[in-house]
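Engineer: Put chains Z and X on the given structure of chain D with help from the hints.
What follows is each chain in one-letter form.
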Amino acid sequence: MQARIPVEGGDVVAALRGFLRDLLEKEVVEAVVVPMVTPSGAVTPALVADPALLDAADPLTPVMGLNAARVVGPVTIREPRGKIAAVLRPCEYRALIELVKLQQASLDDLVTVVVDCPGTYTVPDYETMRANGGVDREALLAGARTGEVAPQEGYAFRDACQMCERPHAEGGDVQVWLFGADLSAGIPVSLPDDLAEQLGFSPAEADGRRAEVVEKVVSARTQVRDERFAEIRQRLEEEGIEGVFAACIRCHNCMTNCPICYCKTCLFKSPIFEHEPIQYMNWARRKGAFRLPADTTLFHLTRLNHMVLSCIGCGVCTDACPADLPVGRVFRAVGQEVQAVFDYVPGRDVEEPLPLVTFKEDEWTEVGEEE
Amino acid sequence: METTEFEPKIVAFLCNWCTYTGADLAGTSRIQYPPNVRIIRLMCSGSVDPTYVLKALLDGADGVLIGGCHPGDCHYQSGNYKARRRIIALKEILKQAGMEEDRVWLRWISASEGQRFADTVRKMTEFLKEKGPNPMKREWAV
Amino acid sequence: MASRPRIGVYICHCGTNIAATVDVEAVTEFAKNLPGVVIARHYTYMCSEPGQALIKEDARKLGLNRVVVASCSPRMHEPTFRAASQEGGVNPYQFEMANIREQCSWVHHDRDEATAKAKALVVAAVAKAARLEPLEDREVGVTPGAVVIGGGVAGMVAALDVAEAGFPAYIVEKSDHLGGHVADLNRTFPDLEPVAEWLPGLIERVQSHPNITVFLNAQVARVEGYVGNFEVTVSGSKVSGSGLGEPGTHSLQVGAIIVATGYKVFDPHRKPEFGYGLYPQVITTLEMERRLAEGDLAVDGKEPEHVVFIKCVGSRDKQLGNPYCSRVCCMISAKQAQLVRQALPDTRVTVFYIDVRTFGKRGEEFYDEARRSGVRYRRGNVSEIYRRGDRVVVRVEDTFLRRTLEVEADLVVLAVGMEARQDTDEIATLLKLPRSADGFFLEAHPKLRPVDTAMDGVFLAGCCQGPKDIPDTIAQARAAAASALIPLLRGTVPVISETAVVDPELCAGCGMCVEVCPFGAPALDPLWGVSRVNAVLCKGCGACAVTCPSKAIQVRHFRPDQILAQVDVLVE
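Chains D, Z and X are the protein sequences, given in the same order. Take the first sequence: its position 15, counting from 1, is numbered 20 in the working numbering, and each next residue is one higher. Take the second sequence: its position 63, counting from 1, is numbered 417 in the working numbering, and each next residue is one higher. Take the third sequence: its position 570, counting from 1, is numbered 572 in the working numbering, and each next residue is one higher.
For the record, the hints were derived by calculation from the structure and aren't laboratory data. Yeah, the Cβ is synthetic: ideal placement off N, Cα and C, and Gly gets one too. Do not take every clue at face value.
What the hints assert, rightly or not - No more than 27 Å apart at the CA atoms, straight line, and that leaves these computed lysine-lysine pairs for BS3-like: (1) D:Lys365 to X:Lys434; (2) D:Lys365 to Z:Lys483; (3) X:Lys304 to X:Lys266; (4) D:Lys365 to Z:Lys491; (5) D:Lys292 to X:Lys434; (6) Z:Lys477 to X:Lys34; (7) D:Lys274 to Z:Lys491.
Said to hold, decoys possible - Footprint (simulated), chain D over chain X, 3 or more residues, beta carbon under 8 Å: (8) 232–243; (9) 509–519.
As the list claims (entries may be wrong) - Computed list of chain Z residues with no C-beta within reach of chain D, every gap over 12 Å: (10) Pro388; (11) Ser466; (12) Arg470.
One chain only, chain D, in its complex shape (with noise of 0.2 Å):
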């Protein structure tokens, strides 16, 4: 069913609180993770079972640290876990899909809430201009109305948000509209029947503008991300993927960060990747010097070969890369070729297999046949 969130004097925060709040009163889930803000002032998704506490709540704050589907997972894995509501951003959707898929994540008992993501900020950015005054979140809005999303003077959205192809509601239990919307109208949400009864809304019709917006929002980011996505090709090309990560200091942070990478501990902070050292001074005889850490390049593309099927492109491995590295351009690039080899959309659908564990027999025939 389309409805509306009632906003009352033009303050949609305030309303999307209320309709969250309502999750919570009206018993259709035991807590809710949301973006916080903490008594200092910082943005952080907590686990909220306190309705009163909602009013710290901010699901509109542009900041993005890490992708919420990492901190779904915990509070969703497995039984016994109370039933909770899930405010995401797109990217952290399809993220959490992918964490389904490897069973990192639950969808039992969940209710995920996707909102329109007209962009958000770095940490590091979205400090800076709290200090200088804070965030115009009015201005942003508006730009998700029309479609003409800037950022505050001064700033840049994330690397990620500028390149975001998906910035849209799409999938979820909940869709917060705030693509093409007069919220003053009331904040347009999608929600399932039952849903929308147990918490007495009636049918409203968005207003109709939203795909239109979407599209242009999505083809002004489409071209930005094929520009980036060339010149980053070029560089593989030119330079190597040795070369492009060549700065890499192997904080593992990109890993760390990263939504997708569920292990618990990376193979290479494993014993395999422990060496004698003696097999160091046989390696920097063979080449003559031998970069250390070890295994640079191979970790990077081990982890293209892991994960980059199920990047869903939140980008937040460039943002945690202390050296600067377009990690998340990488990934997007290689990715966007490597999942279209096997039509697979990441985050699309939880019923579609993950490409690497599922095979048809009949396709790819000639491959191996070669003379």
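Structural biologist: Structure of chains Z and X alone, referenced to chain D:
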């Protein structure tokens, strides 16, 4: 000045039941082929971890051959079908990452195809000679 | 964790098989300096008693805990050397082989290149051996009984031996009767004994044996399990005292499977130049059997003046894709030619041949007898048969005189060869059996394991493995039965020890290993959310390990550090 011809190094991951046995058959049949290939026996082409292939390439192997049973003949029912997807994905990643995916060959060679094994090694050796050494061979910063 | 390696390396000369191409002394000297190597030796035949004794003695004296043998393929002698290592007190799984014969000395000429390659293979084997962990042998129980696919002579004889040893035997026959192709024969070479004197008795013994169950009009629909514990689903009719039962599906639990599916007679329509099916004068050896049995050799009511036999029809024919010899046609032709001479002393009999191959016991004598009885043997390739009046003309290239000749004949008998049956494919898929280039099933080793297959617990009997005469078929059938009886009599079969194992500390419980395993070996523990492997079900294929990004699941003996160590030294 006389230069010695470049001799490519091929690391081959062969499944125990088909291609490794096919390589043995090439031996019992005394079918000659270039000595450029070094064989690692695995139980199934479906257990060839792309990390092994990547490691070989980054270490400087000029070619990597993955040999498995023909589709439908896998000793473990479907290992080769899974290998096929895995290697296709790997080759696409290599291509996108600016590496030379054509150094990686996947071939179905049965236990009775000693000749096909020998031919494959010969063709791969010729191809790699033509192509030249893996640039990773000299690159220390990987 | 594995103990500090003390490795013994043994380089085999294999007579001159290796030593003629590989400088074994140089490889030995080289091996001595490899990390962890305590001793390196070379010896004429490592697989011989004294060769094995070297390993045992060194292992005891030097306290070896790893053994590397560089010799033939591990598919040949790995069990031999594992046993020798064990006798020397080394865990048999801390053994590794370098295949420097099949994959080195036999395929390369250049001594320097072959020696360099042998060295590389030895380094890789040493690198892997150093990382191998001790494992224990494992066994599982065996379901008594065997399924025999095919109810011809091979299948019946194999089933009888299994049954006589006290185990249930199930014959699955595709047609509606037992006896196979032999039931269509009249007399057999070289004794000219009528088939009717022994085949019905054999069939009777099979049908009345309390341990044998026969299924007719039956096929194997599905095969599950592994050596010692197969579940074979048969669709067909069970034969009981009251006759043939209703068609149905039967599930048979057995420890072994004997494949005795036989052959297909070559269809001479595929050689249109011989006019088979066009001229009534042109028949096959099988049709001739019937005529000889019935004593009717007349063509158009007249006794033939000239009978011509043509050999190698459908055999030794590269254009047809049958380059092999069918092994029985020479003897069948000699037999039938003699019988014609006996029945019609005035009739001329000519046999056209490429070569005469009447090998085997009494074979050559039998050929002599045929010639003495007046059968004319002429060397020549028959190129064409065409009609002239009531007779046919056989056009032959005489390969001795290098000229073409034409002979008129009243009856031409095509000695048709054997081919792999069309359903060989289905059986091969069901049982995962490899086939040789000729289409017949491939034995595990042409000399040492002639009735074994690549699938443990599946054995080959008779012509499904390649053309054979009846004595060879029976010999092979009894060999297959004896091989099948080994697990049945032992009551247990060894299962691989190189199974998958999970490190629960590393496992994130993603379940991909569960998804990719074709045997249902790993399962997620519902309490802990980590994967656990049922080692009895695990076949060690490694599909799980490659799928697991953290390598929380690994296959023993094929662990990533072991493989990567091999890669590392091989690229050097």
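Engineer: Evaluate each hint against the coordinates.
Structural biologist: These are the hints, each one checked on the structure:
This hinted pair checks out: D:Lys365 and X:Lys434 have alpha carbons roughly 19 Å apart, not beyond 27 Å. Between the alpha carbons of D:Lys365 and Z:Lys483 the distance comes to roughly 35 Å, so the proposed pair goes past 27 Å and is violated. As the CA atoms of X:Lys304 and X:Lys266 are separated by approximately 32 Å, the hinted pair breaks the 27 Å bound. In summary, the hint linking D:Lys365 to Z:Lys491 is not supported, as the alpha carbons are separated by about 37 Å, beyond the 27 Å threshold.
A distance of roughly 45 Å separates the Cα atoms of D:Lys292 and X:Lys434; the hinted pair therefore is violated under the 27 Å criterion. Between the alpha carbons of Z:Lys477 and X:Lys34 the distance comes to roughly 35 Å, so the proposed pair goes past 27 Å and is violated. Proximity of D:Lys274 to Z:Lys491 is assessed by CA-CA distance (about 25 Å); at most 27 Å being required, the pair is judged to hold. For the region 232–243 of chain X, the stated coverage by chain D is violated: 0 residues have a C-beta nearer than 8 Å to a C-beta of that chain, whereas at least 3 were required.
Residues of the region 509–519 of chain X lying with their CB closer than 8 Å to a CB of chain D number 8, which satisfies the three-residue condition for coverage. With a least CB separation of 16 Å from chain D, Z:Pro388 remains clear of the 12 Å interface cut-off, as annotated. Distance check for Z:Ser466 against chain D: the nearest CB is about 15 Å away, which clears 12 Å, and the non-interface claim stands. The beta carbon of Z:Arg470 is not kept farther than 12 Å from every beta carbon of chain D, the shortest such distance being approximately 8 Å.
Checked against the numbered hints above, the structure breaks hints 2, 3, 4, 5, 6, 8, 12 and satisfies the rest.
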